[in-house]
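Chemist: Okay, here's what each chain looks like letter by letter:
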Amino acid sequence: MSKIGLIIKREYTTRIRKKSFIIMTILGPLLFAGLLFGTVWITLNDQQTYTVLISDPYGLVSEYRGEQDSTLVPRFPDQFKDNENVIYGFTEKTKKPEELKEGFYNIMIELDEITINDGKCNMYFDNFPSENIQGKLKNDLQESLERFRVVDSLKLDYEKYKRAKLDVSFAEININKLGEEDHTQERAVIGFVFAILIYMFIFMYGVQVMRGVLEEKTNRIVEVMISSVKPFQLMMGKVVGIGLVGLTQFLIWVILSAVLATFGLNYFESHLVNGAAVLENGAVVANGVNQAAMAQSLMNNEAINWIFLINWPLMVGMFIFFFIGGFLLYASLFAAIGAAVDSDSDTQQFMLPVTLPLVFSYIVSAMLITNPESPIGNFFSIFPLTSPITIMVKTAIGNISVLHLISAMAALIVAFLFFIWLGAKIYRVGILSYGKKVSYKDLWKWIRQKN
Amino acid sequence: MKYAIQAEGINKTYGKYQALTNVSIDIPEGKIFGLLGPNGAGKTTFIRILNQIIEPDNGLIKFYGNPLQRSHVEDIGYLPEERGLYKKMKVGEQCVYLAQMKGMKEKDALAELKMWFEKFEIQEWWNKTVEDLSKGMAQKIQFITTVVHKPKLLILDEPFSGFDPINAELIRNEMLRLRDEGTTIVLSTHDMGSVESLCDNIALINRSHVILSGSVAEVRDSFRTKTYTLKFEGTLLEFTIALGARFELMSNELINDIHTVTVRIKPEFKLNDLLKQIIPVVDILSAEENVPSMHDIFVQSVLSFNEAQA
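Respectively, the protein sequence lines represent chains L and V. First residue of the first sequence? That's 891 in our numbering, and the numbers climb one at a time after it. First residue of the second sequence? That's 4 in our numbering, and the numbers climb one at a time after it.
Source of the hints: derived by calculation from the structure; they are not laboratory data. Hints are supplied without guarantee of correctness; some may be wrong.
Listed next, the in silico DMTMM-like pairs over lysine to aspartate or glutamate satisfying Cα-Cα at most 25 Å (straight line) [to be verified]:
#: 1; chain 1: L; residue 1: Lys1335; chain 2: V; residue 2: Asp60
#: 2; chain 1: L; residue 1: Lys908; chain 2: V; residue 2: Asp135
#: 3; chain 1: L; residue 1: Lys1120; chain 2: V; residue 2: Glu199
#: 4; chain 1: V; residue 1: Lys138; chain 2: V; residue 2: Glu177
#: 5; chain 1: V; residue 1: Lys138; chain 2: L; residue 2: Asp1002
#: 6; chain 1: L; residue 1: Lys899; chain 2: V; residue 2: Glu177
#: 7; chain 1: L; residue 1: Lys1331; chain 2: L; residue 2: Glu1263
#: 8; chain 1: V; residue 1: Lys91; chain 2: L; residue 2: Asp1008
#: 9; chain 1: L; residue 1: Lys1315; chain 2: V; residue 2: Glu177
#: 10; chain 1: V; residue 1: Lys93; chain 2: V; residue 2: Glu58
#: 11; chain 1: L; residue 1: Lys1335; chain 2: V; residue 2: Glu77
#: 12; chain 1: V; residue 1: Lys19; chain 2: L; residue 2: Glu1105
#: 13; chain 1: L; residue 1: Lys1331; chain 2: V; residue 2: Glu199
#: 14; chain 1: L; residue 1: Lys899; chain 2: V; residue 2: Glu58
#: 15; chain 1: V; residue 1: Lys91; chain 2: L; residue 2: Asp1232
#: 16; chain 1: L; residue 1: Lys1120; chain 2: V; residue 2: Glu96
#: 17; chain 1: L; residue 1: Lys1335; chain 2: V; residue 2: Glu109
#: 18; chain 1: V; residue 1: Lys90; chain 2: L; residue 2: Asp1232
#: 19; chain 1: L; residue 1: Lys986; chain 2: L; residue 2: Asp968
#: 20; chain 1: L; residue 1: Lys1120; chain 2: V; residue 2: Glu177
#: 21; chain 1: L; residue 1: Lys1120; chain 2: V; residue 2: Asp135
#: 22; chain 1: L; residue 1: Lys893; chain 2: V; residue 2: Glu292
#: 23; chain 1: L; residue 1: Lys1120; chain 2: V; residue 2: Glu84
#: 24; chain 1: L; residue 1: Lys1120; chain 2: V; residue 2: Glu85
#: 25; chain 1: V; residue 1: Lys155; chain 2: V; residue 2: Glu199
#: 26; chain 1: L; residue 1: Lys909; chain 2: V; residue 2: Glu199
#: 27; chain 1: V; residue 1: Lys138; chain 2: L; residue 2: Asp1042
#: 28; chain 1: L; residue 1: Lys1340; chain 2: V; residue 2: Glu11
#: 29; chain 1: L; residue 1: Lys1326; chain 2: V; residue 2: Glu84
Label pairs and their computed distance ranges (CB to CB) [as the list claims (entries may be wrong)]:
#: 30; chain 1: V; residue 1: Ser137; chain 2: L; residue 2: Arg907; range: 52 to 60 Å
#: 31; chain 1: L; residue 1: Lys899; chain 2: V; residue 2: Asp60; range: 30 to 38 Å
#: 32; chain 1: V; residue 1: Asp60; chain 2: L; residue 2: Lys909; range: 46 to 54 Å
Even glycine gets a Cβ: it sits at the ideal position worked out from N, Cα and C.
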């Protein structure tokens, strides 16, 4: 075996055998799946029950049950239905918000005479209700107030109004792909998941490269090593070895996740039907990863078809290419940092310029979910320091030309060759420099220094 | 004479800092060569150039007669001053790995290492991790990994630092044995005692220049002052008269009726001439030449070079 092969083998086997690797490899997908399904589950199973008092002095939405009965009920019996999370009550008095603390109710909604005109009302709460709950409350109020306006003020027949009423929604169709719905946002979310994976991978294993180099330096083994191999071989052996560890871990994750996902989907198919009612009413959660929409889509085979709109062979190919390219680029920078400093605590000052573009590309990727055609996204999916992460979202959406892809790949190849060269220049001087706090000026000197 | 290393006109600069200036050093084959010099003089730079860790700006290095090239790293064993091991790795595994780095096959490395582990009686360390070893134990392992591939040239930078006297003796004996078997050894050290007892030749580097080089005997010879220390019983007056003009009394001391004196002899005379003069007048107890120690030579050379530069 060649010497660089031996170095790769050592880096790989010592890490694969570590307890922490084995634990992370098994726990990783469990944690990830737990996180994903956990959030969906929590959204669907909001355990808390809210008792909601509607203060309605003008009788907009409530009325007495009968002449002798002083109990207030909804004006229209099919509205303000209680469920396991919300129990309604009505009053015609205006209550002081403080009274809420002692009483049965924990939310009070105050309708006043203007509410019927502008739809605005105060909601007093002790615990802020979830988006789902708020969605149901708004929905119930809106329908009821609407009915009041239609029937009482406009003297129209409500059934006729309902038939006349129309909800507008877009079926998104790209003119370049006529005949199919686009589902851009859902696809962007899938792309974002891939982007996060690359982001995590670069960070976790990039830092491992840095630690590994630093360890060799502080252990003082490095001078013995480079009396046998060239510094470049030692650096690349470490980068490749650790990269392979990451790929191994990733592959195991994919397999374990596939198994877990099969179980998970079965679970959701049998349990989600209950949650459907909540979702119907619940407002769509607009926090980047659109869990409600995803869960809804998962339940319904027709809705899940958009997954196949993604060009999967291209997606997987791009993923592997940018996964490896991005790692090589950043790992050589992390290796240079590890070589330049004497201790873990000194790494901070050099970490910032390396992590900044990484974090930035994460932000741009998240932005692309809501604004897929943004020109900023076009630029950052070619710019090699951000492309490995950002391009995954663009590829998933599919609004990317072949020229764009090729430019991004070419730019990445040029960039990682450049950064490996740059990293190696710093590395080869850094590993033999002890005891002096290194500045950016020193790094520049090292880059220009002959061997 | 055959040379393991012939370095000619080596210059090396780091930015504006001149680490080596026109350094020429010849290291004879099969000898122990002392590379001496104060801290920061350029010794480590020279050693790193021999190991091809760094390249000289110019100059030529021959390794056993051929220009130094990459494949020669497998013929060199290097124990740096700043040395260490992979802490989390098992001792045996690590030794095999480092031997493979020097081009050994795994099978050969195992056989050779077994021999060394038996010799040093450390077989039970094979499966320990390095972090469980004491400093002295780790140093033995480092020495083994430096010599396991039977290098033609062994470069040892302060090999004795951190060793207890027993282990230092062990290493010293191994060095002598390896030399007798034909290995050339470069010993870089501040310990002048080990230079005197081990080295056949030396070079002294100071402020990037070689300021002194040659065989230990030659170097010492050139620093001889022709002063002798004599002990005798008798009177100092008679002794002084007997010296005459050819011999100069440098110092004297009287303890328990025994005089200890230092006498300088003019270059054209010998100790015998002195003895002829004084034997009739005093009872001589001992007579000994004051040979300069390597320590004195080191200090004297460095100081006078620095003065000349200033």
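Chemist: Each hint should be assessed against the structure and marked as holding or not.
Modeler: Okay, the hints, checked on the actual structure:
Taken as a hint, the L/Lys1335 and V/Asp60 pair is honoured in the structure, with Cα atoms around 17 Å apart against an allowance of 25 Å. Distance check on the hinted pair: L/Lys908 and V/Asp135 sit about 17 Å apart at the alpha-carbon level, within 25 Å; holds. For the hint linking L/Lys1120 to V/Glu199, the alpha-carbon distance of about 36 Å lies beyond 25 Å, and the restraint is violated. Distance restraint check for V/Lys138 and V/Glu177: the Cα-Cα separation of roughly 19 Å lies within the 25 Å cut-off, and the hinted pair is therefore satisfied.
With a C-alpha separation of about 83 Å, the suggested pair V/Lys138 and L/Asp1002 falls outside the 25 Å cut-off, and the hint is violated. Simply put, L/Lys899 and V/Glu177 have alpha-carbon atoms about 33 Å apart, too far for the 25 Å limit, and the pair is violated. Our distance criterion of 25 Å between C-alpha atoms is broken by L/Lys1331 and L/Glu1263, whose separation comes to about 40 Å. As the CA atoms of V/Lys91 and L/Asp1008 are separated by approximately 71 Å, the hinted pair breaks the 25 Å bound.
Between L/Lys1315 and V/Glu177, the direct Cα distance comes to roughly 38 Å. Violation of the 25 Å bound is thereby established for this hinted pair. For the suggested pair V/Lys93 and V/Glu58, the alpha carbons sit about 33 Å apart, so the restraint of at most 25 Å is broken. Straight-line distance between C-alpha atoms of L/Lys1335 and V/Glu77 comes to about 31 Å, which puts the hinted pair past the 25 Å bound. For the given pair, V/Lys19 sits about 30 Å from L/Glu1105 by alpha-carbon distance, which is inconsistent with the 25 Å threshold.
Annotation: proposed proximity of L/Lys1331 to V/Glu199 is violated, straight-line Cα distance about 44 Å (limit 25 Å). About 29 Å separates the Cα atoms of L/Lys899 and V/Glu58, which puts this hinted pair outside 25 Å; it is violated. Between V/Lys91 and L/Asp1232 the CA atoms are separated by roughly 19 Å; this keeps the pair inside 25 Å, and the hint holds. The straight-line distance between the Cα atoms of L/Lys1120 and V/Glu96 is roughly 22 Å, inside the 25 Å bound, and the hint therefore holds.
Our distance criterion of 25 Å between C-alpha atoms is broken by L/Lys1335 and V/Glu109, whose separation comes to about 40 Å. Distance hint between V/Lys90 and L/Asp1232 is fulfilled; the C-alpha atoms sit about 17 Å from each other, no more than 25 Å. At roughly 29 Å between alpha-carbon atoms, L/Lys986 and L/Asp968 are farther apart than 25 Å, so this suggested pair is violated. At roughly 29 Å between alpha-carbon atoms, L/Lys1120 and V/Glu177 are farther apart than 25 Å, so this suggested pair is violated.
Among the hinted pairs, L/Lys1120 with V/Asp135 is inconsistent with the structure: their alpha-carbon atoms are about 30 Å apart, more than 25 Å. A hinted pair counts as satisfied when its Cα atoms are at most 25 Å apart, and L/Lys893 with V/Glu292 does not qualify at roughly 56 Å. Restraint check for L/Lys1120 and V/Glu84: satisfied, since their Cα atoms lie roughly 19 Å apart, inside the 25 Å limit. For the hint linking L/Lys1120 to V/Glu85, the alpha-carbon distance of about 18 Å falls within 25 Å, and the restraint holds.
A threshold of 25 Å between alpha carbons decides the hint, and for V/Lys155 with V/Glu199 the separation of about 23 Å falls inside it, so the pair holds. Distance restraint check for L/Lys909 and V/Glu199: the Cα-Cα separation of roughly 51 Å exceeds the 25 Å cut-off, and the hinted pair is therefore not satisfied. Pair hint V/Lys138 plus L/Asp1042 does not hold up; C-alpha atoms about 93 Å apart against a cutoff of 25 Å. As the CA atoms of L/Lys1340 and V/Glu11 are separated by approximately 20 Å, the hinted pair is consistent with the 25 Å bound.
Between L/Lys1326 and V/Glu84 the alpha-carbon distance is near 18 Å, which keeps this suggested pair within the 25 Å criterion. About 25 Å separates the C-beta atoms of V/Ser137 and L/Arg907, a value inconsistent with the hinted range of 52 to 60 Å. Under the hint 30 to 38 Å, the C-beta atoms of L/Lys899 and V/Asp60, about 36 Å apart, fit the expected range. At roughly 49 Å, the beta carbons of V/Asp60 and L/Lys909 sit within the given window of 46 to 54 Å.
Consistency with the previously given hints fails for numbers 3, 5, 6, 7, 8, 9, 10, 11, 12, 13, 14, 17, 19, 20, 21, 22, 26, 27, 30, ordered from lowest to highest.
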